[in-house]
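Protein chains: 4
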Amino acid sequence: MTVDARVRVRYAETDQMGVAYYGNYFTWFEVGRVEWCKANGFNYRDMEHDDGVMLVVAEASCRYKAAARFDDELLIRTSVLRARRKLITFGYEVLKAGRDELLATGETTHLVTGKDLKPRALPEKYFAIFGL
Amino acid sequence: MTVDARVRVRYAETDQMGVAYYGNYFTWFEVGRVEWCKANGFNYRDMEHDDGVMLVVAEASCRYKAAARFDDELLIRTSVLRARRKLITFGYEVLKAGRDELLATGETTHLVTGKDLKPRALPEKYFAIFGL
Amino acid sequence: MTVDARVRVRYAETDQMGVAYYGNYFTWFEVGRVEWCKANGFNYRDMEHDDGVMLVVAEASCRYKAAARFDDELLIRTSVLRARRKLITFGYEVLKAGRDELLATGETTHLVTGKDLKPRALPEKYFAIFGL
Amino acid sequence: MTVDARVRVRYAETDQMGVAYYGNYFTWFEVGRVEWCKANGFNYRDMEHDDGVMLVVAEASCRYKAAARFDDELLIRTSVLRARRKLITFGYEVLKAGRDELLATGETTHLVTGKDLKPRALPEKYFAIFGL
Chain A
1 MTVDARVRVR YAETDQMGVA YYGNYFTWFE VGRVEWCKAN GFNYRDMEHD DGVMLVVAEA
61 SCRYKAAARF DDELLIRTSV LRARRKLITF GYEVLKAGRD ELLATGETTH LVTGKDLKPR
121 ALPEKYFAIF GL
Chain B
1 MTVDARVRVR YAETDQMGVA YYGNYFTWFE VGRVEWCKAN GFNYRDMEHD DGVMLVVAEA
61 SCRYKAAARF DDELLIRTSV LRARRKLITF GYEVLKAGRD ELLATGETTH LVTGKDLKPR
121 ALPEKYFAIF GL
Chain C
1 MTVDARVRVR YAETDQMGVA YYGNYFTWFE VGRVEWCKAN GFNYRDMEHD DGVMLVVAEA
61 SCRYKAAARF DDELLIRTSV LRARRKLITF GYEVLKAGRD ELLATGETTH LVTGKDLKPR
121 ALPEKYFAIF GL
Chain D
1 MTVDARVRVR YAETDQMGVA YYGNYFTWFE VGRVEWCKAN GFNYRDMEHD DGVMLVVAEA
61 SCRYKAAARF DDELLIRTSV LRARRKLITF GYEVLKAGRD ELLATGETTH LVTGKDLKPR
121 ALPEKYFAIF GL
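From first to last, the protein sequence lines are chains A, B, C and D. Under the working numbering, the first sequence has 82 at position 82, and the numbering climbs by one with no breaks. Under the working numbering, the second sequence has 79 at position 79, and the numbering climbs by one with no breaks. Under the working numbering, the third sequence has 117 at position 117, and the numbering climbs by one with no breaks. Under the working numbering, the fourth sequence has 130 at position 130, and the numbering climbs by one with no breaks.
I should point out that these hints are in silico values taken from the structure, not numbers from a laboratory. This structure is a prediction, so every number in the text was calculated from the model and none was measured. Hints may contain errors.
The list treats identical chains as interchangeable, and a pair is accepted whether it falls inside one copy or across any two copies.
[As the list claims (entries may be wrong)] Below, in silico cross-link-like pairs of lysine to any residue (SDA-like), each with a Cα-Cα straight-line distance of 20 Å or less:
| # | residue 1 | residue 2 |
| --- | --- | --- |
| 1 | 38 | 3 |
| 2 | 96 | 45 |
| 3 | 38 | 6 |
| 4 | 118 | 101 |
Whole structure, please, built from the sequences with the hints as guidance.
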């Protein structure tokens, strides 16, 4: 399932090139992931708090195709590309809302860990959500 | 005692005006506070970790006099303006290194709390450091 | 006129205290200002781009009353407290959405400048909007 | 040539997991690039300002091996992996200073552009520096 989150580029997120700084896309990916969880029936916050499970980033990448500018409304289109019990990969497309112009694509791969940051398996109640 | 910390303005910290974004000064104040602690004989990290004491921000302010630009080296000149057992106020001057041009001044007031974010008194071993 | 903007606390905006880092409130104030402009009939982006007018921050302050946490939805309630042709002060309340719990209050004062960051007067077409 | 830059993890850069947020590594990579330029005889700032040349990020990636924590001093070990007249790839290692423990590795690939963000060739005076 693919889920769209919306963000609007903040002045704080621009740099002196006049466009959004490249590091901010990874924060927007996070916004996309959190929204993906909600649309799939659970809150990431509760997963951490109630189940003591964290999705720690092991790899992250982004390809930038066109610049995002201040006050642009963006869609962060998020899906799960691959999931195993201990490793989940999300994929992202960043689009300019309305025009559906593709600005960037990216991936993040997460280790499932406990609060101690040590690897563990995803609790069974999340299996169906991640297609396991 | 007044302590100088050094930061260099990062590209990420600029905005499309071509100057450092105003919110970043509060991060630089934090760098100044951490350095003030070190110069006064303790690590803020250890204070949190070993003593379970946190300095939670209750008020923060900044006056901006001149812009900081990408790659400028700044001095964050930090001192304690007022200290009581449960409330500490730091003062800051942000200067352009070398030229000693004053770019900004600011203050942050902190509640002394435990890890539960509830007010408590500063441990006695810190009294002399804060002039109590 | 008071205008509400909504933000959701991002994981990136939390710190190891488990709450939103104090510097981020100033970014949220910016989100509030941008929304205030839109609700009052103009885009801040166009003001910069079309009129060459910038609102450069001269002073900023925030009082923190209660912590904002990851995934909390916040209202940034923005109004103009004082306006002159060369100086505008915005006021902010940060509330937890739904519960209307007041988390913080703040102010930012802005110099009206040209693209060269030098003071100038606000263009006449904005007078009525700012009650001048 | 490999160049080491030093950063200290800021409180602002931690998140509620108690470690540095994954997006900040890309800002540290920027610190590494800027330092690489200096050690190789030019300022990135001057390149933008004097030559009108920008290095716009086209791709960025990071692999995270171990967490960086508040107040850790890090080395950002930067080198040029590949360079052509219109495309430059930097490589990075993030190490914990003193212990030389590898925390992360990464790459960023940059398009050479003018101030209009349109591709152009690198000015000839930089050829030798980038091994062209």
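Each hint tested on the structure:
no. : hint       : result
1   : 38 to 3    : within (9 Å within a copy, 27 Å between copies)
2   : 96 to 45   : between (28 Å within a copy, 16 Å between copies)
3   : 38 to 6    : both (14 Å within a copy, 18 Å between copies)
4   : 118 to 101 : between (39 Å within a copy, 18 Å between copies)
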